[in-house]
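S.K.: If you want the building blocks of each chain, they are given just below.
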Amino acid sequence: MAENGIGASVRRKEDNRFLTGKGNYTDDINVVGQTYAYFVRSPYAHAILNSIDTSAASASDGVVAVLTGDDLAEDGIGPLICGVNVTSDDGEPHRAPLHPALAQGKVNYVGDHVAVVIAESLAQAKDAAEKVSIDYEELPAVASTATAAEENQQQIHDIAPNNMCYNWPFGDKAAVDAVFETAHKISTLDLINNRMVTNPMEPRAAAGEYNSGTEEITLHVTTQNPHVHRLILSAFNQLAPEHKLRVVGPDVGGGFGVKIFVYAEELVVGWACRKLNRPVKWTSDRTEAFLADAHGRDHVATAEMALDDQGKFLAMRVNTTANLGAYLSTFSTMVPSYLYAFLLAGQYTTPLIYSEVKAVFTNTAPVDAARGAGRPEATYLLERLVDVCAEDMGLDPAEIRRRNFIPVEAFPYQTPVVQCYDSGDYPAALEKALQLADYDGFAARAEEAKSRGMLRGIGLSSYVEACGIAPSAAVGQLGAGVGLWESAQVRFNPTGNVQVFTGTHSHGQGHETTFAQLVTEQLGVPIENIEVIHGDTAKTQFGMGTYGSRSLAVGGVAIAKACEKLIEKGKKIAAHALEAAEGDIEFADGDFTVAGTDKAMNIAEVAFNAYVPHSYPEGLEPGFDENAFFDPLNFSFPAGTHVCEVEVDPETGEVEIVKYSAVDDFGKLINPMIVEGQVHGGIVHGVGQALLEGCQYDDDGQLITASYMDYAMPRADNVPSFDVDYAPTNPPHNPLGVKGCGEAGAIGAPPAVINAISNALGVKHIDMPATPEAVWRAAQSAA
Amino acid sequence: MQTISMNINGVSVSGEVEDRTLLVQFLRENLRLTGTHVGCDTSQCGACVVHVDGVSVKSCTILAVQSDGCEVVTIEGLATGSHLHPMQQAFKDNHGLQCGFCTPGMVMSAIDIVNRNGCDVDEATVRKELEGNICRCTGYHNIVKSVQAGAKNMGG
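Order-wise, the sequence lines are chains A and E. If you read the first sequence in this note's numbering, its first letter stands for residue 8, the second for the next number, and so on. If you read the second sequence in this note's numbering, its first letter stands for residue 19, the second for the next number, and so on.
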């Protein structure tokens, strides 16, 4: 292993700038002549816009412009799009209502964009925004997921009868129903997957600048995928031709999915900076983030499992209603369909699965991918149902899992729901997790807690997720409008240092370190001489960005492939320089050597030689700079078992997580320190969903959890420290042997926590978030 | 508009501000000290924590005019040249940050926690005292480790 190479917990290269206040986030960007945008948003969930009078606002101090949907339409700026098709059971594509960046004629959720005020200062823009006079005609609102598609509900979009976006059945219903007819036992569970607001700590922002000389727009934006932003803004919104639009995602303060999407504000800022020929900056405040960021989850589901007399799963039936909000966000349609139903097999051999997903519109903020995206919903449903099955069969939750696990020798394993799992050793992860959690000692601990009047519970969750989001062929078949490969360029400079350009984007994951580790391992260049560059369409080749735990599993492999090309080219150059046959050149630890001799050149010398080709023969090309694209053959399938132990105070309903153990299979770890950090963060995201976070709209569609005063984010004193370990397997189709780790915790934790609480209380189920009030009520009813 | 002056990171500065200007706005907009961040509008998240006259303050909760004549230290004022403050170094050594956005506030709060609780501050105290700083990335595990390690480093 190279020093600082694969497997080393290298301290992060990016940390110094973040620790000294030298990060460069979008709101930190300030340019001469900058103006500030502030959006006028609908206070109503559903209303007709009779008129907008901007005259008083336009005359307000410092105002440069007040723009509305009419201005946008006049300039031919297209509506926001959703990029993935899901075919409904009537054979028609999903219903896609028009989604203008500034409302035209109607508003459909609280926070919907009605107008933008652009002024010399933010305070002036806010002052003027209050003077925009809007005549709204309020309509009844649809706010509930469960009832949105009922016939008596107000219709939101003309093109979507019964507020249905799609109804998407998957699987052999007749075959599944037949198994249920004759099953030994049927376990059932109704549950809600609570709506979450993703809440990266950096609010979204956009800063646009137009160069009238080059006719180029530069848009700095809080994005996880600058090239995808550029493509959509250009091809679908007609903001500017791709080559005249530069999108930069500078330092981005967390994403978790919510910064994948192209939002109204970003498009409006890009358009306004050219229209006004002034730089325009917009930064969301936190209330706006609650109102208008895409939200996550929000399912109402019924799950049923048919079992034989040994507790083997024979068939599963799932009925889900998924709330997509008022409009379709960029990738929203795929989240409760392909990213959800295709994970319903989990770690088990259940041979038959039937799922029906009804996706509905409501007068709430759009819902799209959030850390895990569909996979947490699938895992929560399945892992809760498995515990109900265990209870119904009188089996230990660990034992029923053992009886149903896909055996190690069955990999690669074709599930009944499309996915073919790459590798896994589910029993190994379970047993290791049980050991780490001292599962056998639980009964004694529960007894001791009881003596103090406390209720102890323990809960398992054995999850599988599909990561490394690609391959293009698979996502294309499913209806994605894009391919999902990744790109890399590895460039030596003449002085021997290296710039690595990746199409992925780092917003906390530490790519600048992990990817440098790959390169130092492969090319032997000291890590301090390697710089990883990402996030700027003017610097890097086209790339698909970062989401779905794909950066290392897809982007990392592209980097490795570019390095391989450099080694091949380096052999040619070294052969020429060392006057040897190319076939005799060997490469190891940064040196090209003539086999069996002491004649050698370091890769830095080869790089210099490549740029000073004074005597190159015909056919030997100068330069030392290679790019590569990688499109994998399959997703990767991280998996693991998490064990949560809680202590519940039945008098107050307070839940303390006293121990949390996670054993995951992420394949090979490049930087264990970073991986462990990803696991910790994911677990707390999941614990937040399970115990604290719940986005609530009232019946009128008013968001009543629109600040950190009302929406409970997990804080340091809500959670414990964690025990993290690994049970790795080797995914055969991934050249680096890696799987992805960013979402695992958020997927594994919610069912582990709720299983533990249900266990403690002795109840069948408690919905998330299990707040003290909800737990207290459950404890009272159980007692 | 009022003219205010204060000492920020050892440098005397003055500027013209509106009465309604918050200290964080003065730092970020007037002085371009953009290391201090704004993560919410209800004084909950703690991304904007700075030290005013030696104690931690959420710079979104006080007006710039209230800081007139004060000594203010921001995240930019901690390191000496390329030599990180012991707390900054502890965050780096213990992977106490991911996206970096909450980090300046975390580090400023952490130093204040150690100043008030000493170098042997225990995990429970650190967790309780960090209640006013929200992080979405790290799950706090490594932040708590960092604060305890930084506390030891600060003790020399």
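One should not assume that every hint holds.
[Claimed, not checked] Covered stretches of chain E (chain A as the covering partner; in silico rule of three or more C-beta atoms under 8 Å from a C-beta of chain A):
1. 24 to 30
2. 49 to 60
3. 109 to 115
4. 129 to 140
These are computed hints drawn from the structure, not numbers from a lab. Glycine included, every Cβ here is placed at the ideal spot set by N, Cα and C.
S.K.: Does each hint hold? Answer for all of them.
M.R.: Consistency of the hints with the structure:
1. 24 to 30: violated (count 0)
2. 49 to 60: holds (count 11)
3. 109 to 115: holds (count 5)
4. 129 to 140: violated (count 0)
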